[in-house]
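Asker: Chains as they are written, first to last, in full-length UniProt numbering: chain A, 1 to 109; chain B, 1 to 268.
Worth flagging that the hints you see were computed from the coordinates, not collected in a lab.
All of these numbers come straight from a predicted model, not from anything done at the bench.
It is possible that some hints are incorrect.
Away from chain A, derived, C-beta distances all over 12 Å, residues of chain B [said to hold, decoys possible]:
1) S42
2) L46
3) D50
4) W53
5) S87
6) A158
7) L163
8) A170
9) A175
10) V184
11) W243
12) A246
13) R247
14) T248
15) T254
These stretches of chain A come out as covered by chain B in the derived footprint (C-beta under 8 Å, 3 or more residues) [unchecked claim]:
16) 16 to 30
17) 52 to 63
Okay, the calculated beta carbon distance ranges per label pair [claimed, not checked]:
18) E135/B x D81/A: 39 to 49 Å
19) E3/A x D82/B: 52 to 62 Å
20) E168/B x D81/A: 15 to 25 Å
Ideal placement from N, C-alpha and C gives every residue a C-beta, glycine not left out.
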Amino acid sequence: MAEISFPLPDLGEGLIEATVLEWLVAEGEQVERNHPLVEVETTKSAVELPSPQAGKVVRVYGEPGDIIKVGEPLIVFQVPDDTAGIVGTVPQEQAPKRRVRLTANLDED
Amino acid sequence: MGRHRDQTVEGVDPHLNVRVHEAAPGTTGPHRPVILLHGFASSAKLNWEDAGWITALTQAGRRVVTVDLPGHGGSPAPEEMDAYSPSRIRADLLQLILNAHVRPLKDDDDSTGVDLIGYSLGARLAWEFGATQPELVRRIVLGGPGAHDPLADFDLPAAQRYLADGSEIADPSTAELLRMAQLVPGNDVFALLTMIEAIKTEPFIPSEAVPRMPVLLVAGERDELAQTAPELAKLAPRAELQWLPARTHANAVTSRAFKTAAIDFLAG
């Protein structure tokens, strides 16, 4: 088994840190990729970070109220050796299945 | 399926940015959609997607529809004030529901009607929409709700002076709302001020129209804008109120307890 550490990702727009609100996983827990990991709050908004990795949570950093800087360690996973070489990235948001604009076709009326 | 002919409720199409997220594969849940209404100076992305609501609801088997309010997110920011009035937004919402061919609620048919979740200004809109459309709305969840409208008390001239020459804003609520509005990149501050102007012409008077369907109110214990949530809960005949320990107006929105309560309530 190997360990992979993930830092607090860049939350965009010049945000440099976030406050931990609540961990949604516990050390020792097995999580799937995209499973909600932690709620954090920035000066802009509160966000829920999905897991960038499937694996067993070895360690989480920060209690509720603690500030973590972008790039500092957030979570460590234990994964099978054969997947450890793959460097995880934070998943992009899922694209919406369908995009609808309310458009009236006035010519038809 | 042939093309249907849509009627525009108010005669003008608002072109609001609407997104549909289907229930996650392999899940089962009621077929009626859950419509999410975001708060002032936020957007469907910030209020619902980034906060984890789309994932939570679709994983719970719900089909989710988000709408960006006018002047917010991916929706246009018209110049005319009328586009931002709460009554006009409610009409736009009705339009959207009619366009989606939602049928009036029928017992034992889980494909009829809609459920609503609104946060802050979105909660006000959901309250009013539920009160006026009882045949369409089955259940409502209100996040960070209050009986008083902080936007109606917003000091618009002070905000305009601040934007013109940086003059300090005396009213803390006005200063905080403007700070939030300016923090979000891409926010059209002038469109947001136009919305406030429109809301001042139609302030929230919750007793005027009360939703009769089951309503769940959820607010952070430290949410200063939701301290009057119990007054709202008393007005509605079938309301329950749940407080989220230690949460504020800004950070109640990601709360797992809030999501779980909302999902369970809408499944009831």
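Asker: Hints first: check each against the structure and report whether it holds.
Answerer: Right, here's what the structure says about each hint:
S42/B, annotated as away from the interface, has a beta carbon of chain A within 12 Å; the closest lies near 7 Å. Its closest Cβ contact with chain A, about 5 Å, brings L46/B to no more than 12 Å, contrary to its assignment away from the interface. A beta-carbon of chain A comes within 12 Å of the beta-carbon of D50/B; the shortest separation is about 5 Å. Residue-level check failed: W53/B sits 8 Å from the nearest beta carbon of chain A, not beyond 12 Å.
Residue placement check: S87/B keeps its beta carbon more than 12 Å from all beta carbons of chain A (closest about 17 Å). No beta-carbon of chain A comes within 12 Å of the beta-carbon of A158/B; the shortest separation is about 22 Å. Non-interface call for L163/B relative to chain A: holds, since the shortest CB-CB distance, roughly 19 Å, exceeds 12 Å. Interface exclusion of A170/B from chain A stands, the closest Cβ pair being 23 Å apart, more than 12 Å.
Listed as a non-interface residue, A175/B keeps its Cβ farther than 12 Å from every Cβ of chain A; the least gap is roughly 15 Å. Residue placement check: V184/B does not keep its beta carbon more than 12 Å from all beta carbons of chain A (closest about 6 Å). Consistency note on W243/B: stated as away from chain A, and its beta-carbon is indeed over 12 Å from all of that chain's, at 15 Å minimum. In this structure A246/B is not separated from chain A by more than 12 Å, as the shortest Cβ-Cβ distance comes to only about 8 Å.
Distance check for R247/B against chain A: the nearest CB is about 8 Å away, which does not clear 12 Å, and the non-interface claim fails. With a least beta-carbon separation of about 9 Å from chain A, T248/B fails to lie farther than 12 Å from that chain, contradicting its non-interface assignment. T254/B, annotated as away from the interface, has a beta carbon of chain A within 12 Å; the closest lies near 4 Å. With 3 residues having a beta carbon nearer than 8 Å to a beta carbon of chain B, the stretch 16 to 30 of chain A meets the requirement of three or more and the stated coverage holds.
Under the rule that three or more residues need a Cβ within less than 8 Å of chain B, the assignment of the stretch 52 to 63 of chain A is violated, with 0 such residues. Taking the beta carbon of each, E135/B and D81/A are about 60 Å apart, not inside 39 to 49 Å as hinted. Taking the beta carbon of each, E3/A and D82/B are about 58 Å apart, inside 52 to 62 Å as hinted. One distance hint, 15 to 25 Å for the beta-carbon pair E168/B and D81/A, is violated here, with the actual separation near 60 Å.
In this structure, the earlier hints numbered 1, 2, 3, 4, 10, 12, 13, 14, 15, 17, 18 and 20 are contradicted, and the remaining ones agree with it.
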